[in-house]
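If you're matching them up, the sequences are chains A and B in order. 1174 is the number of the first residue of the first sequence in the numbering used here; add one for each residue after it. 27 is the number of the first residue of the second sequence in the numbering used here; add one for each residue after it.
Bear in mind the hints are in silico, worked out from the structure with no lab data behind them. Every value quoted in this text rests on a predicted model; they were computed, and no experiment measured them. Incorrect hints may have been included.
20 Å max Cα-Cα, derived PhoX-like pairs, lysine-lysine [as the list claims (entries may be wrong)]:
1) Lys1374/A <-> Lys1253/A
2) Lys1203/A <-> Lys1569/A
3) Lys30/B <-> Lys1302/A
4) Lys1496/A <-> Lys1455/A
5) Lys1302/A <-> Lys197/B
6) Lys1569/A <-> Lys1374/A
Label pairs and their calculated CB-CB ranges [claimed, not checked]:
7) Ile1566/A <-> Thr175/B: 18 to 28 Å
8) Lys1496/A <-> Pro186/B: 52 to 62 Å
9) Met276/B <-> Leu1576/A: 45 to 55 Å
10) Gln102/B <-> Glu1411/A: 29 to 39 Å
11) Pro90/B <-> Ser1461/A: 31 to 41 Å
12) Asp137/B <-> Glu1565/A: 36 to 46 Å
13) Ala98/B <-> Lys1496/A: 31 to 41 Å
14) Ser1412/A <-> Ser72/B: 35 to 45 Å
Computed footprint of chain A on chain B; a stretch qualifies when at least three of its residues, placed anywhere within it, have a C-beta under 8 Å from a C-beta of chain A [claimed, not checked]:
15) 45-51
16) 117-126
17) 221-230
C-beta atoms are modelled at their ideal positions from N, C-alpha and C, and glycine is treated no differently.
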Amino acid sequence: METVRVDVHHLTRVEGHGNIVVDVQNGELKRCDLEIVETPRFFEAMLRGRPYSESSHITSRICGICAVGHATASLRATEKALGVTLSEQTTLLRRLNFHGEILDSHILHAYMLVAPDLLGVGSVIPLAKAVPEVVLRALRMKKLSGDICKVISGRHTHPIAMTVGGFTNIPETSELVELRQRLIDARADVDATVDLFTSLKLPEFYRDTEFIALHKDDEYCFIDGVIASTDDGTWPVESYRSVTNEQIVRHSSAKHTRHLRDSYMVGALARFNVNYAQLHPKARAAASALGIAPKVINPYLNTVAQVVEIVHCVEDAIDLIDKLLRKGLRHEAPAPPTRMSGEGVGACDVPRGTLFHNYVIEEGRVVSANCIIPTGQNLANIEADMRQLVPEILEKTQEEITLALEMLVRAYDPCISCSAHMLDVKFV
Amino acid sequence: MSAKPRVAFFEFTSCEGCQLTVVDTLQTHPELLDVIDIVQFREAMSEKSDDYQIAFIEGSCSRPSDEARIKAIREQADIVVALGACAHLGGINAIRNRAPLQQVREAVYGDKAEWFETYPARPISAVIDVDAVIPGCPIDRNEFVMAVTHLLQGRMPHLPDYPLCIECKLKENVCLFERGGTCLGPITLAGCDAVCPSYGYGCEGCRGLIPKPNLDAYRAVLREHGLTDEDIDMRLSMYMTYQMMEMAEMTETAEMPEMAEVAGGSHNGNR
């Protein structure tokens, strides 16, 4: 088609409000934007003056899907600012809780938001009529994921027992034993998930870009670590600003970022590309079955990388529970702050990618805050993909082009209400 | 009109966590889909119809352009239910109402503040009449199921009007005040099964104030437990900023003029 106008108002099956606007005239791409029209949310401004102990509870409300991720990044920022040293038990419980959230979010995205496109239906509701066993499996796995978070932190949205220095409630041994058995029983569902996504065909589209994720040498990193890039190099999380380079663009209430190229990608696919060696062996075997190996440069395969992470998180959750049970659960109090003023950066790789919280605390009160959200970091990369994709598929119908673009944006699993409130707080 | 009631979900300024809780409800109550017909739910489905009878609204109204959408929902729906603390109380969004608006905007968007429209965050009931509320941050799953059950029976959802402490005592929790902490339980509406105190964390008041709370006595108790007036102000403003500002306006205590101005918006011809 020589002239194409795509105007998807309030894209569905994504978290938050975004519009896709593409304008092709006489074969020339005039406009290609992902507009973020989410209401500005001003979290950094809301934190100003609040007690440090509230930060994780306020910022978990940035996002209902990655509430545990925001709480964890927030707690790490506060703990670094106030010189809190965590016990091994707290670290293990936080990792387990995090796996619950990654699983919950990935299952929601892969089964309920993406699979309907691949199976040609409008949503999970007709999907439930067409293939009830698939949807029931997803609900079963999602319930287990949520129950992991429930046992450790009270609930997934929004976690209760996570606090600076540890937890206000320690699970019972019997609860972990039961979770362990349910995770083992869930392996059949995990295998079926890998089989399902092996059988589904995702669109082919290739564009090399920079992939960024947190990295540790000895574990597949979700919490702490260093910032690592497929374009080589690592950076301490404290220098995150030199990586993200935020800028405000007019068509988006979420800020854009760029690093070594014009854009970069974060999320499951970036983690897969950066941290393949640290994946659980069963997850690497699943990747092989799914036909992916690093470096994957098709963004539609982000969902497939999420399936690999589902395998990883189930297996690693079993290992973490074994470790906790071997050591024996202690009803320990949260570790106390050693000072009441300081600055800290907390970094986590949440379901959609790398998340930074940076707080300055004075006398126990937050005086400035900065949150950089994964979806914000992906926006420039999504637009770069769209600019390459549209000319490649101009021979298709308008409907097909629209669907291809919607599926592309959806593949990134954007979390738009998260992203629409970033920026430094420069208090006057 | 189909035999099953047609239900739509909408969201304004929020984290969408309440709608996610609705999705999660299906894990334990898939039969809900047999008794209601969900015709619009942007976060979960692409199919869309504007012919609905029951509307669930998540989120606060926080910019002028939201108002027309909210009023259109009121025009269409027979029953409008505010879903969760943001819709019910303004939620944590209202924390920012405590500071002058321009300062908040510039804090986040710097000299580009004018590019993005906003105004103080308000509950949905400040814009339209709301028939029922499911409180909480997030909503409680069981309460959502109960509310839908009531609506299907032609009744309005019933909320407890007593304080959280009653539920907490029934769960035989050791009182947070006895454990060296503090808790908003004495002045907060029950209905969540005291979930936060049960996990060792003091109530933050996300379900809103009980009718006629004795705030003076409550403040005195908090002071006895070592909180400063500023600490108390923080506790009462996490979820209750909007309610506190409304009360302050009603008793004409104009100690924080910018707050009174915001609260005034709720009954200045916006209904």
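Hints, one by one, checked against the model:
no. : hint                               : verdict
1   : Lys1374/A <-> Lys1253/A            : violated (44 Å)
2   : Lys1203/A <-> Lys1569/A            : holds (18 Å)
3   : Lys30/B <-> Lys1302/A              : holds (17 Å)
4   : Lys1496/A <-> Lys1455/A            : holds (19 Å)
5   : Lys1302/A <-> Lys197/B             : violated (40 Å)
6   : Lys1569/A <-> Lys1374/A            : holds (18 Å)
7   : Ile1566/A <-> Thr175/B: 18 to 28 Å : violated (48 Å)
8   : Lys1496/A <-> Pro186/B: 52 to 62 Å : violated (42 Å)
9   : Met276/B <-> Leu1576/A: 45 to 55 Å : holds (53 Å)
10  : Gln102/B <-> Glu1411/A: 29 to 39 Å : violated (51 Å)
11  : Pro90/B <-> Ser1461/A: 31 to 41 Å  : violated (54 Å)
12  : Asp137/B <-> Glu1565/A: 36 to 46 Å : holds (38 Å)
13  : Ala98/B <-> Lys1496/A: 31 to 41 Å  : violated (54 Å)
14  : Ser1412/A <-> Ser72/B: 35 to 45 Å  : holds (41 Å)
15  : 45-51                              : holds (count 5)
16  : 117-126                            : holds (count 6)
17  : 221-230                            : holds (count 7)
Hint check: violations occur at hints 1, 5, 7, 8, 10, 11, 13; the rest are consistent with the structure.
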